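2 protein chains.
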Amino acid sequence: MEITLFHDRMKSITNEKLELLLKFMETEKLDLIMITDSEQSRDLNFQYICGHPTDGILFITAGGETTLIPWDTALAKTEADVDRILDHTQYEYSTIKTSRDYFENILKKPNASIGVSRGMLYGEIIRFETMFPELKFTKEPSKISRLFEELRATKSNHEMDLLMEATKIAEDTLQDIIHFAKNATTESEQDLSFLVQTKMAKRGAEDLAFPSLVANTNRSHTLHCHPYATESQFALPGLALIDFGAKYKGYNSDITQSFTFGDINQEQQRMRDITQKAYDAAVETMEIGIPLWKINKASMDVLTEAGFSMPYALGHGLGLSEHDAPFISKKPTDDFQKKYWKEVLLEEGHVFTIEPGTYKEDFGGLRIENDFMVRNGKIIQLTHTGIYPIE
Amino acid sequence: MEITLFHDRMKSITNEKLELLLKFMETEKLDLIMITDSEQSRDLNFQYICGHPTDGILFITAGGETTLIPWDTALAKTEADVDRILDHTQYEYSTIKTSRDYFENILKKPNASIGVSRGMLYGEIIRFETMFPELKFTKEPSKISRLFEELRATKSNHEMDLLMEATKIAEDTLQDIIHFAKNATTESEQDLSFLVQTKMAKRGAEDLAFPSLVANTNRSHTLHCHPYATESQFALPGLALIDFGAKYKGYNSDITQSFTFGDINQEQQRMRDITQKAYDAAVETMEIGIPLWKINKASMDVLTEAGFSMPYALGHGLGLSEHDAPFISKKPTDDFQKKYWKEVLLEEGHVFTIEPGTYKEDFGGLRIENDFMVRNGKIIQLTHTGIYPIE
Numbered sequence: 150m151e152i153t154l155f156h157d158r159m160k161s162i163t164n165e166k167l168e169l170l171l172k173f174m175e176t177e178k179l180d181l182i183m184i185t186d187s188e189q190s191r192d193l194n195f196q197y198i199c200g201h202p203t204d205g206i207l208f209i210t211a212g213g214e215t216t217l218i219p220w221d222t223a224l225a226k227t228e229a230d231v232d233r234i235l236d237h238t239q240y241e242y243s244t245i246k247t248s249r250d251y252f253e254n255i256l257k258k259p260n261a262s263i264g265v266s267r268g269m270l271y272g273e274i275i276r277f278e279t280m281f282p283e284l285k286f287t288k289e290p291s292k293i294s295r296l297f298e299e300l301r302a303t304k305s306n307h308e309m310d311l312l313m314e315a316t317k318i319a320e321d322t323l324q325d326i327i328h329f330a331k332n333a334t335t336e337s338e339q340d341l342s343f344l345v346q347t348k349m350a351k352r353g354a355e356d357l358a359f360p361s362l363v364a365n366t367n368r369s370h371t372l373h374c375h376p377y378a379t380e381s382q383f384a385l386p387g388l389a390l391i392d393f394g395a396k397y398k399g400y401n402s403d404i405t406q407s408f409t410f411g412d413i414n415q416e417q418q419r420m421r422d423i424t425q426k427a428y429d430a431a432v433e434t435m436e437i438g439i440p441l442w443k444i445n446k447a448s449m450d451v452l453t454e455a456g457f458s459m460p461y462a463l464g465h466g467l468g469l470s471e472h473d474a475p476f477i478s479k480k481p482t483d484d485f486q487k488k489y490w491k492e493v494l495l496e497e498g499h500v501f502t503i504e505p506g507t508y509k510e511d512f513g514g515l516r517i518e519n520d521f522m523v524r525n526g527k528i529i530q531l532t533h534t535g536i537y538p539i540e
Numbered sequence: 150m151e152i153t154l155f156h157d158r159m160k161s162i163t164n165e166k167l168e169l170l171l172k173f174m175e176t177e178k179l180d181l182i183m184i185t186d187s188e189q190s191r192d193l194n195f196q197y198i199c200g201h202p203t204d205g206i207l208f209i210t211a212g213g214e215t216t217l218i219p220w221d222t223a224l225a226k227t228e229a230d231v232d233r234i235l236d237h238t239q240y241e242y243s244t245i246k247t248s249r250d251y252f253e254n255i256l257k258k259p260n261a262s263i264g265v266s267r268g269m270l271y272g273e274i275i276r277f278e279t280m281f282p283e284l285k286f287t288k289e290p291s292k293i294s295r296l297f298e299e300l301r302a303t304k305s306n307h308e309m310d311l312l313m314e315a316t317k318i319a320e321d322t323l324q325d326i327i328h329f330a331k332n333a334t335t336e337s338e339q340d341l342s343f344l345v346q347t348k349m350a351k352r353g354a355e356d357l358a359f360p361s362l363v364a365n366t367n368r369s370h371t372l373h374c375h376p377y378a379t380e381s382q383f384a385l386p387g388l389a390l391i392d393f394g395a396k397y398k399g400y401n402s403d404i405t406q407s408f409t410f411g412d413i414n415q416e417q418q419r420m421r422d423i424t425q426k427a428y429d430a431a432v433e434t435m436e437i438g439i440p441l442w443k444i445n446k447a448s449m450d451v452l453t454e455a456g457f458s459m460p461y462a463l464g465h466g467l468g469l470s471e472h473d474a475p476f477i478s479k480k481p482t483d484d485f486q487k488k489y490w491k492e493v494l495l496e497e498g499h500v501f502t503i504e505p506g507t508y509k510e511d512f513g514g515l516r517i518e519n520d521f522m523v524r525n526g527k528i529i530q531l532t533h534t535g536i537y538p539i540e
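So the sequence lines, in the order shown, correspond to chains B and F.
Heads up, the first sequence is in this note's numbering, so the first residue is 150 and it goes up one at a time.
Heads up, the second sequence is in this note's numbering, so the first residue is 150 and it goes up one at a time.
Calculated from the structure, these hints are not laboratory results.
These numbers were taken from a predicted model, which means no experiment stands behind them.
For each residue, glycine too, the CB sits at the ideal point set by N, CA and C.
Hints are supplied without guarantee of correctness; some may be wrong.
Stated by the list, open to error - Below 20 Å or equal to it, Euclidean Cα-Cα: the simulated PhoX-like pairs (lysine-lysine) are:
1) LYS285/F <-> LYS288/B
2) LYS443/B <-> LYS487/B
3) LYS246/F <-> LYS488/B
Stated by the list, open to error - Going by beta-carbon spacing under 7 Å, a handful of chain B positions derived as facing chain F:
4) GLN189
5) ALA223
6) GLU241
7) LEU270
8) THR279
9) MET280
10) PRO290
11) GLN339
12) ALA350
13) GLU355
14) THR371
15) HIS375
16) PRO376
17) ASP483
18) PHE485
Isolated chain B (complex conformation) (with noise of 0.2 Å):
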């Protein structure tokens, strides 16, 4: 099996790893893998591969050889570690005849058998169907995306390093969050956003992991306050809380630190006293080697004996998305996703969050969120959010 060596750019998968791409397209007999990524269906595994951060097709041959159609070329040129860029503006911007041209001339296998992941568009594979009905995409693209989830659920040292910056900076912001809070009359929602966000790029996060969601009282029991935060006041006196991370060199941290504002009544102090209840019984679940399965478990038996549902895994790993492998989540309940899933244990190269949380209409929404790593054989807690009282 020829592998192709990799340029000295940047880039998230390792030689080892992609070597189990190989075998894993030797053992399905897969041709190729193409990975899309455009705005409207971001698949990370396409940034994963070959570096270029955005928009584009990637091809990937049984022999590792690795080519992309970007739709910036300037941008590809900095940025993607590939062995060929095709440039589309060449072929009457059309992504379609760059495609013939790879398919018919550089690739020339008429009947390729090709691995897509779930997260192409529907639409996009009928295009690709219909344009090239010679060739042969498969009916099972969740094999595909179960692949790069085992892939990039264990990161690298490089990786790891990266998400340890990452959860640093949000950690280092929650102090000025806290001393925010104390000090709080009538500063709104988007006051604080605005003061983590410029604390955080100023410690050196090249984005936010995503929109922080402030959430008041008012709004705190919704999962995804919307919008992500308003011009109302913050320390109104109940449950609060802020769910944020920080982007540094493409990775990224999640965390989520709740407040009680002034005396909250029983059911305010039942929900407190729960959630972390709950988050206690899945750190003290934690070692290495257990299902994750079970840990989410922990938590969830805690909220459901307690009356409280939680729509949401009690966890997810953290890396290129926000949301990566590996997920913290019960065992699927539908014939569908059992058919795909597979046990997981905690392992070294996991970085990952547990966020249980209680939510209830009229009462407000509490969620304990720290980000955590299994590295050198031990479980490392890289971030210390709580519930902070405020009187």
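Starting from the known structure of chain B, fit chain F onto it as the hints suggest.
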């Protein structure tokens, strides 16, 4: 044809357009349209139809009855304008199980013909086809997408009012940008990015339309600079630009202001003149009733003749998406796109950008991008950017 009357909540689609949608379903013999919106693939048609901003599955029957499976039920209760909400937490958090209840006990059409758009994920359509083999999902998602494009291309008065506010916020912020550029010494791209964000928030923007692209002369030749803004000095001698917009109640503006700093060389002067000429050519060509591809051609001819190529369309609509219908682009060159292409004439309700640019490695890039609206029979220029020279 029975039409479900809408409640008084904010929603973009009008009853008149809903009738067109139902008429289309009748012609295409569709029992149901299904729209999915998730983190991995945003489909603004979702919000357009039901007002719920994000994350869920929406069903619209041929009779106009709407059912929503939201990820966040609490958010749906305040935002969604639908006839029915199904809470997936009551179905073991499985959207498949929730959908099964909908198909079997509410829709009750075992062999229903279902329209989905090209923005659905390939993995999702495979999942639904596998789990519900008796249902017939369309093999022509582009037809459904084209219909939504047509509906969304012309804005209602309510939508135009929101877009006027979104463009006004951006337009008013130009004075801050020019003041910054005139006085800039060592200030960074990031400093300008923050300035624009805070000024637009103070003027009522709920968010940025998209992360502002701020590029000094070393980066302005790329189409979408990456990262969006860096700590590098903005006012370096040469060509620089900022591409930004405001989001106001869900609706987006999008403009670009360019700068020349110091003495620019002959080629850079030529780029400035060509960009202006290409922009003027488009504006002079615009008139109600003209095919949009002709406006694109007017600019492109100027650029091509001068040896420049532009791998994007001259302009795009503005709306719930910052890249909305209609598209001011050339006639398609590949057979697949030709199949679904229709000539669109400039008409009442169109709100769009015109944004020609010139880009050249080692010289930089320039773009003039302004927003226009056709209202009450007149083409109105809503914003007034250009290429600003700073000695």
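Hints, verified against the model:
no. : hint                  : verdict
1   : LYS285/F <-> LYS288/B : 17 Å, holds
2   : LYS443/B <-> LYS487/B : 17 Å, holds
3   : LYS246/F <-> LYS488/B : 16 Å, holds
4   : GLN189                : 5 Å, holds
5   : ALA223                : 5 Å, holds
6   : GLU241                : 4 Å, holds
7   : LEU270                : 6 Å, holds
8   : THR279                : 6 Å, holds
9   : MET280                : 5 Å, holds
10  : PRO290                : 5 Å, holds
11  : GLN339                : 6 Å, holds
12  : ALA350                : 6 Å, holds
13  : GLU355                : 5 Å, holds
14  : THR371                : 5 Å, holds
15  : HIS375                : 5 Å, holds
16  : PRO376                : 5 Å, holds
17  : ASP483                : 4 Å, holds
18  : PHE485                : 5 Å, holds
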